[in-house]
Amino acid sequence: MKIYNLFPLLAGRLNQWKPHLERAAHMGFDWIFVNPVQQTGQSGSLYSIKDYFALNPKLLAEKGTATPEAQMKAVVTEAEKLGLSMMVDLVINHCAYDSALLKQHPEWFAKKNGQIAHPSCVHDGQEVVWHDLARFDHAHTSDREGLYRYCLKTVEYLLELGFKGLRCDAAYQLPSDFWRRLIADIRKKWPDTVFAAETLGCNPEQTKDTARAGFDYIFNSSKWWDFSSPWLMEQYHLTRETVPSISFPESHDTARLFAEVHGNPDAMKQRYLFAALFSAGVMMPMGFEYGFRKALHVVDSRPEDWETPAIDLTGFIQHVNAVKSRYPVFMEESVTEVLPYHPNHSILLLWKASPKTGGEALIILNKDIWHRQYFHTDNLNHYVQSVAPMVDASPEWAMEYLPAPFGFELAPGMGRILVAGRA
Numbered sequence: 001m002k003i004y005n006l007f008p009l010l011a012g013r014l015n016q017w018k019p020h021l022e023r024a025a026h027m028g029f030d031w032i033f034v035n036p037v038q039q040t041g042q043s044g045s046l047y048s049i050k051d052y053f054a055l056n057p058k059l060l061a062e063k064g065t066a067t068p069e070a071q072m073k074a075v076v077t078e079a080e081k082l083g084l085s086m087m088v089d090l091v092i093n094h095c096a097y098d099s100a101l102l103k104q105h106p107e108w109f110a111k112k113n114g115q116i117a118h119p120s121c122v123h124d125g126q127e128v129v130w131h132d133l134a135r136f137d138h139a140h141t142s143d144r145e146g147l148y149r150y151c152l153k154t155v156e157y158l159l160e161l162g163f164k165g166l167r168c169d170a171a172y173q174l175p176s177d178f179w180r181r182l183i184a185d186i187r188k189k190w191p192d193t194v195f196a197a198e199t200l201g202c203n204p205e206q207t208k209d210t211a212r213a214g215f216d217y218i219f220n221s222s223k224w225w226d227f228s229s230p231w232l233m234e235q236y237h238l239t240r241e242t243v244p245s246i247s248f249p250e251s252h253d254t255a256r257l258f259a260e261v262h263g264n265p266d267a268m269k270q271r272y273l274f275a276a277l278f279s280a281g282v283m284m285p286m287g288f289e290y291g292f293r294k295a296l297h298v299v300d301s302r303p304e305d306w307e308t309p310a311i312d313l314t315g316f317i318q319h320v321n322a323v324k325s326r327y328p329v330f331m332e333e334s335v336t337e338v339l340p341y342h343p344n345h346s347i348l349l350l351w352k353a354s355p356k357t358g359g360e361a362l363i364i365l366n367k368d369i370w371h372r373q374y375f376h377t378d379n380l381n382h383y384v385q386s387v388a389p390m391v392d393a394s395p396e397w398a399m400e401y402l403p404a405p406f407g408f409e410l411a412p413g414m415g416r417i418l419v420a421g422r423a
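According to this note's numbering, the sequence shown is numbered sequentially starting from 1.
These are calculated hints, taken from the structure and not from any lab test.
Some clues are possibly wrong.
[To be verified] Distance condition first, Cα-Cα at most 30 Å in a straight line; then the derived DSS-like pairs of lysine-lysine:
{"hint": "1", "residue 1": "K103", "residue 2": "K50"}
{"hint": "2", "residue 1": "K164", "residue 2": "K112"}
{"hint": "3", "residue 1": "K73", "residue 2": "K189"}
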């Protein structure tokens, strides 16, 4: 699963999305994820939904006779012609505080001090409260069936627009039995619908419970890995056999990576290669390919924020995506281990093996994004179990022949992709 995040406020009106769809298809993505497209509340945040059965006026064509739904369906059809399926955000853990639902169904909402509660979280020891949002109480509402039916209708509305997948925002905040029922009910009519659970920020038990609720994918935290600490592999093995996961080098919730790495294109390549090949899925937001520096914003982003490209990684991303598609070991939650026995600590050796096909891969990654590092081994076959010859599938400077002994000077951040077994 290779997902391009088309951010609606940056992409503009629906009739302006076609060039972004074409670019995503050219880079080898097979899914388009769009953040919420429904009508927002007074705050204007994409994630503050006021009306679940109306589209955001900011996304609609300024002129024309087509209905909002027809405009959205036309975009989905355009994407499908390019070989792209579309996924949309499903936000049913909260709604806009100025939604009519608060007056129509106050029993659906959590209460605090006698008032409908706002969602909140603790960040750096401080409570952050989203005052533009009202939190649904799926677990304790006196009308659980009514709230469930409303959410079911919401999903049906989105699927009738043509969406084939749902990224379920803060999925771990809803009961597992709610998700099991919803997923089962939806698949009676739309059996191929893909459900991806946003689980970032939850504890291990919440992650496991959510993963077991019938989701097709969850999102992992590899974006923040330092290529050394054990926590990522612990997280990966916690859910690997239950549900595949999706990596990302940056997201609409993070700072832009190009700004974080002070404009280092080698770091951008390193992080995309790792994200794409670490787990079964990868997601990349629009603008990453051009080194955009301005973070995406759920209220303030506008088409005018489109930046003059600082770099062009489209060819590199296309090659990495092609490698991911060609070798099954990169398209599943394969057995993955960090190999500890290399004397140069600036080099990561990541071994992957496919239980389904028997294919293996060895990723040799320069952790250092500023300096070259030399890798040497007497025999590359010591790192894999396959007797099949290894192939260099690297996006840059691929070698037709892998000698023994093997030595290579890795450029800053460079990754070598060596594959053995079935393509």
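Structure-based check of all given hints:
A C-alpha spacing of about 12 Å is found between K103 and K50, which places the hinted pair at or below 30 Å, so the restraint holds. Straight-line distance between C-alpha atoms of K164 and K112 comes to about 37 Å, which puts the hinted pair past the 30 Å bound. A threshold of 30 Å between alpha carbons decides the hint, and for K73 with K189 the separation of about 19 Å falls inside it, so the pair holds.
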